[in-house]
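Engineer: Okay, here's what each chain looks like letter by letter:
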Amino acid sequence: MAGKTLYDKLWDQHVVQTRDDGTALIYIDRQLLHEVTSPQAFEGLRLAGRKPWRLDANLATPDHNVPTTKTERDVGIEGIIDPVSKIQVKTLDDNCDEFGIVEFKMQDKRQGIVHVVGPEQGATLPGMTVVCGDSHTATHGAFAALAHGVGTSEVEHVMATQCLIQRKMKNLLIRVDGELGEGITGKDVVLHVIGVIGTAGGNGCAMEFGGSAIRSMSMEGRMTMCNMAIEAGARVGMVAFDELTAEYVKGRAYAPKGDHWELALEAWSDLVSDEDAEFDKIVEIKAEDIAPQVTWGTSPEMVTTIDGFVPKLEDAKDDVERSGFERAYDYMGLEAGQAITDIELDRVFIGSCTNSRIEDLRAAAAVAKGNKVADSLKQALVVPGSGLVKEQAEKEGLHTIFTEAGFEWREPGCSMCLAMNADKLGSGEHCASTSNRNFEGRQGYGGRTHLVSPAMAAAAAIAGHFVDVRQFELVK
Amino acid sequence: MKAFEKKSGIVAPMDRANIDTDMIIPKQFLKSIKRSGFGPNLFDELRYLDEGQPDADNSGRPLNPDFVLNQVRYQGASVLLARENFGCGSSREHAPWALEDFGFQVVIAPSYADIFFNNSFKNGLLPIVLDDATVDTLFKEVEANEGYELTVDLENQTINKANGESIAFEVDSFRKHCLLNGLDDIGLTLQDADSIKAYEAKRRESSPWLFDQVK
Ligand code: SF4
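Chains as they are written, first to last, in our numbering: chain A, 25 to 500; chain B, 30 to 244.
One or more hints might be untrue.
Unchecked claim - EDC-like, lysine to aspartate or glutamate: derived pairs with alpha carbons at most 16 Å apart:
hint : chain 1 : residue 1 : chain 2 : residue 2
1    : A       : Lys274    : B       : Asp241
2    : A       : Lys110    : B       : Asp84
3    : B       : Lys63     : A       : Asp118
4    : A       : Lys281    : B       : Asp241
5    : B       : Lys63     : A       : Asp117
6    : B       : Lys60     : A       : Asp106
What the hints contain is simulated information worked out from the structure, not anything from laboratory work.
Please model the entire structure based on the sequences and the hints provided.
Structural biologist: Rendered as C-alpha cells:
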C-alpha cells in the first residue's frame with residue numbers, strides 16, 4: 025500500500041465519523057474569530073440557546089475594521105469613526121465577553137491580523153485543524169496543520185459542535201527544488217506558482233509545498249506561501265513539519281510546555297508526506313527560474329517578472345484569457361507591451377496577513393534604510409501584522425528607518441489590504457502592495473493593485489516606480 | 030432551530046410570481062450584524078411608503094395601506110400564499126430569516142428558487158409546493174373568507190381546511206425529519222455528540238497538549 029501524504033495523515037487523525045454521502049465529521053482543534061464573520065454565528069447560538077462546545081479552542085481578535093492611526097486607536101472603540109466598523113468591533117467584544125471566549129481586544133498589544141496572531145501565540149500548532157471565517161486561514165498550514173477558511177454558518181457549527189462537515193480533497197504537491205536567488209522570497213515563489221498553475225490550478229485540492237527550496241525557507245516565507253494557496257484555488261496550503269517549525273513554535277504562549285512539549289515533538293515528527301505517498305498531481309518548479317514578481321492585472325495569475333512586460337493579446341492562451349487581458353488593460357490603465365518598470369506608482373502598502381511579520385518588515389527596512397520615499401508618491405504605509413510585531417520592530421529601530429524615509433508607521437490591522445477602514449486607494453491610483461488580492465476595487469473603488477514582496481514594495485516606494493530589488497543599489 | 034409544530038394559521042395571499050429575495054429583504058439590511066430582527070423590514074419596499082434604513086425605528090414609518098400584510102384581516106398570518114418561482118434572485122439567507130422572524134412558518138407556492146428552498150429548511154420555514162390549480166383555488170378561498178385559516182400537518186403531510194377538506198403535499202423525508210425535530214445542521218451533528226465526546230476523550234489522551242489551558 026502506498027504511503028500517506030501529510031494531508032491524508034491530518035485528515036485521518038481528525039475524522040470523528042464518516043457518513044454515507046461521502047462527507048465526514050472532522051474535529052476542529054482551533055477556531056480563530058474576527059469581527060466580520062462571527063456576529064451572525066454568535067447570534068445563531070444565542071437564538072438556539074446553545075453554548076460553545078469548547079471555549080478554550082477559540083481565540084478572537086478584531087482586525088478587518090480597526091483603524092490604524094494612533095490618534096484613533098488611542099481613544100479605543102469610541103475612536104472608530106466609521107459607525108459600521110465601530111459596531112462590528114464592539115459586537116465582537118460583547119460576544120466574547122458574553123460567551124467567555126478569549127479575545128485580544130483592540131488595545132491589547134497581542135491584537136493583530138488573526139493569521140499573524142495565531143502562529144505568533146503558538147495558538148496554531150503542528151497537527152491541528154484550524155478554521156476561521158476567512159479564506160486566508162490557509163496560512164496556518166505552514167505549521168503542518170490542516171487549516172481551512174469557512175463560512176459564517178460553519179463558524180457557528182464549529183462553535184457549537186467542535187466539528188465541521190467536510191469532503192476529502194485531492195492531494196496536490198508543488199515541489200520547488202533548488203536554491204532561490206538573492207532577494208527572492210516566499211512571495212515571489214508563490215506568485216510564480218500561481219502564474220504557472222493559474223488561479224484555478226488548485227481547485228478541489230489540498231496543496232502541499234515541498235522541495236528543497238521550501239525546506240530552506242523561513243517560517244514567515246512558508247506562511248506567505250500557504251496564505252496565497254487560496255489564490256491558486258486551493259482552500260488548504262501546507263508545509264511539512266521540520267526542525268524549523270519546532271524552533272518557531274517553542275516557548276510561545278500557547279505552545280506545549282515541559283513533558284507535553286516532548287510528547288508533542290514526537291507526534292509532530294510524523295507530520296510529513298511519506299516517501300512513497302501518492303499525490304493526485306505534482307507540479308515541479310525550479311527555484312533558479314524565479315525572479316522578483318509583480319502582478320500587472322486584476323487577478324493574481326496576471327503576474328510577470330520585474331524585467332517583464334504587460335503581456336500582449338497574442339500572448340493569451342485562449343479567448344477567455346484574451347478578454348480577461350483586455351478588461352485588465354482597461355481597468356489597470358496599462359498598455360500591452362509596457363515595461364513593468366515603467367509603471368508609475370501613487371501609493372505603497374506594506375502589510376496584510378501575507379507580509380506583515382517581522383521578517384517582512386526587516387526586509388523592507390533594509391531597502392528603505394537611508395533612502396527617501398519618492399516625492400511623486402502620495403503615501404507609503406507600513407502596517408505591522410500585530411501589536412507584538414510592532415513592538416519587536418520598534419525594538420530593532422525599524423520604525424525609525426521607515427519614518428525617516430518617509431513611510432507612515434501604523435497600528436496593526438488588515439488596513440489597506442481590503443480597505444474596510446479608512447486606508448484606501450483612490451480611483452485610478454496604482455499601488456505596490458504586499459497583500460494577496462489585486463481584484464478590481466479590492467483596495468478601494470477604482471484602485472489598481474500590484475502584488476509584490478516587501479523588499480520590492482520598499483524599493484518601488486523609493487524609486488516611485490517598480491525596480492528590481494536585486495539591482496536596487498545600482499538603479500538608485 | 031425550533032421544532033415545527035402543527036397549528037392553525039391565518040393565510041396571507043401575495044398574488045405575484047417571481048417574488049425575489051431583494052423584495053423579501055432589500056440589500057441595505059444585509060449590513061446588519063444579526064440574523065434576527067429582520068421581521069419589521071420584511072418586504073420593506075412594498076410595505077412602507079418611504080425608504081427603510083437598517084437599525085432604524087420602523088414604528089413611525091408610513092405604511093402602504095394596499096399591501097397585503099398591512100391589512101387588518103391578515104394580521105398575525107403564519108402562512109404565506111404566493112405564485113411561482115418564489116425566492117428567486119440573490120442567495121441571501123436573510124430572506125428566510127426575515128420571513129421566519131416576521132412569524133411565517135409556511136410558504137405555499139407552485140415553485141421556488143433552489144437556494145431559497147434549501148435555506149428555508151435550514152431555518153425552520155416549510156416551503157410547500159402545490160400545483161397551479163390548487164394554489165389558484167386557495168387564492169380564491171382566502172380572498173372570499175375573512176379570517177381564512179389553514180392547518181399544516183407536516184407529520185401526515187396534509188394541509189387541512191376549516192371545512193374538513195384536506196390537501197396532500199410532498200416533502201423530502203430527511204428534511205421532514207429535521208423540521209419536525211427542530212434539527213438544523215448543528216442539531217444534526219449534535220445527535221452524534223457521543224461520538225464527538227468519545228473522539229475528544231481519545232484525543233485528550235493522545236495529544237494532551239491540545240487541551241492545555243492558557244491564561
Ligand atoms: S489582511 Fe487582508 S487577506 Fe488577510 S485577513 Fe485581513 S483582509 Fe483578509
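Engineer: Is Lys274 (chain A) close enough to Asp241 (chain B), meaning Cα to Cα at most 16 Å?
Structural biologist: holds, 15 Å
Engineer: Between Lys281 (chain A) and Asp241 (chain B), is the straight-line Cα distance small enough, at 16 Å or below?
Structural biologist: Distance of about 9 Å is within 16 Å: holds.
Engineer: Lys63 (chain B) and Asp118 (chain A) were given as a pair; does the straight-line alpha-carbon distance stay at or below 16 Å?
Structural biologist: holds, 13 Å
Engineer: Run the distance test for Lys60 (chain B) versus Asp106 (chain A): straight-line Cα separation, threshold 16 Å.
Structural biologist: Measuring from Cα to Cα gives roughly 13 Å; hence the hint holds.
Engineer: Measure nothing beyond the straight line between the CA atoms of Lys63 (chain B) and Asp117 (chain A); if it is 16 Å or shorter, mark the hint as holding.
Structural biologist: holds, 15 Å
Engineer: Just to be careful, I want the Cα atoms of Lys110 (chain A) and Asp84 (chain B) compared with a cutoff of 16 Å; is the pair within it?
Structural biologist: Since the Cα atoms of Lys110 (chain A) and Asp84 (chain B) sit roughly 14 Å apart, the hinted pair holds (cutoff 16 Å).
Hint check: no violations occur; every hint is consistent with the structure.
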